[in-house]
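Peer 1: Protein chains in written order, with our numbering: chain Y, 1 to 240; chain U, 1001 to 1080.
Mixed in with the good hints there might be a few duds.
Unchecked claim - Computed list of chain U residues with no C-beta within reach of chain Y, every gap over 10 Å:
#  : residue
1  : L1004
2  : V1012
3  : L1017
4  : D1024
5  : L1026
6  : Q1028
7  : V1029
8  : V1041
9  : V1045
10 : V1057
11 : A1062
As the list claims (entries may be wrong) - Here are the computed lysine to any residue pairs in the SDA-like style, where the Cα-Cα straight-line distance is at most 25 Å:
#  : chain 1 : residue 1 : chain 2 : residue 2
12 : Y       : K201      : U       : D1050
13 : U       : K1073     : Y       : R106
14 : U       : K1073     : Y       : E234
15 : U       : K1073     : Y       : L84
16 : U       : K1073     : Y       : A81
Just so you know, these hints were derived from the structure itself, not from any lab.
A virtual CB, placed ideally from N, CA and C, is assigned to each residue, including glycine.
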Amino acid sequence: MSRTARLALFAGSGLVLAALLVWGLTGLPAFGDFQGEYGWILNDVAGSERHVTNVVSAIVFDYRGFDTLGEEFILFAAVMAVALLLREARDERERPRDEVRSEAVRAVGLSLVGPTVVLGLFVIAHGYLTPGGGFQGGIPTAAGLLLIYAAGRYRAYRAASPQWLLDAAEGVGVAAIVAVGIAALLAGGLFLENVVDLGTKGTLASSGTIAILNTATGLAVTAAVVLLCHEFIEEVMYPE
Amino acid sequence: MIPLQLVAITLVGLGGLAVVTTRDPLRQVLVLGLYGLALAVLFVVFQAPDVAISELVVSSVAAPFIFLAALAKLRGRRRE
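Work out the full structure: start from the sequences and follow the hints.
Peer 2: This is the structure we're talking about:
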């Protein structure tokens, strides 16, 4: 196809696409006009029904808990696939030495490790009280661990996140969610039904199984992100 | 829509444009990090602080980490 013909084809289809987009835009609801009835209902009832002050967590770990189980397994499968493809028997070779980096990178990187991990753990622990949760808190926690490597301390990073611990944390985190579901069945409820005592709203001891599932998710996400980045780090640290 | 939200949306639009117009992969990773920062600001001004935390860490730590590792690996191979 000649250049002119291709341009003509693009101009034609581009105009049609632009017209369709404009037509679609004019049909959108006004800014800030939320039409999800289900969302309004949950906003009203979640606080009294599940003793949470963060409705998002109640939806993720309770009302839609089964969906979260699926998401958890998607993450698990993705990390396992990366590990299967990239992981080799590297342990017999000599551990690489830390590369010399600038003192500024080391100082800033290492001073950020503590605050980042604490922020992550805080966001996980208060998942059902304030904005955040296992997913949102797991990522900063993992990033804090990775910062040790970024600050040029490969050995310290390996000591802080040994392979066996990461593997175990990932497995335990995902398995705990299934275990909570089965425990609810054994207690006479439905799968993943919130059968535990709901406690006092607004305190750390509240929300029943949401708290357990939230913590398990935090563990699984932290381990997943570290495992994922770990495989990439190893690829760089052990050149073929 | 308050002015702050308009500013955030504009920044995200410009950031997205900057990411696709940057051709050098190494620079693109850094621009992508800045774009993520703009997205995090957008989430904060639209009252989704939890999403903002995740976005901030994913786009400024985790994603650049993986991209930079891949780039370092590719450069090492090219040199051989």
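Peer 1: Hint by hint, say whether it matches the structure.
Peer 2: Now for the hints, and whether the structure bears them out:
1. L1004: 14 Å, holds
2. V1012: Non-interface label stands for V1012 of chain U: nearest chain Y Cβ at 16 Å, farther than 10 Å.
3. L1017: 17 Å, holds
4. D1024: 20 Å, holds
5. L1026: It holds; L1026 of chain U is separated from chain Y by about 14 Å at its closest Cβ, greater than 10 Å.
6. Q1028: 17 Å, holds
7. V1029: V1029 of chain U clear of chain Y: closest Cβ-Cβ about 13 Å, beyond 10 Å.
8. V1041: 16 Å, holds
9. V1045: 13 Å, holds
10. V1057: 5 Å, violated
11. A1062: Contrary to the label, A1062 of chain U does not stay out of reach of chain Y, its closest Cβ about 6 Å off (not over 10 Å).
12. Y:K201 / U:D1050: OK: K201 of chain Y and D1050 of chain U at ~20 Å, within 25 Å.
13. U:K1073 / Y:R106: Holds, because 22 Å separates the two Cα atoms, which is no more than 25 Å.
14. U:K1073 / Y:E234: With a Cα-Cα distance of about 10 Å, the restraint between K1073 of chain U and E234 of chain Y holds, given a limit of 25 Å.
15. U:K1073 / Y:L84: The given pair, whose Cα atoms are some 19 Å apart, holds under the 25 Å limit.
16. U:K1073 / Y:A81: This hinted pair holds, its Cα atoms lying about 20 Å apart.
Going through the hint list in order, the structure does not satisfy hints 10 and 11.
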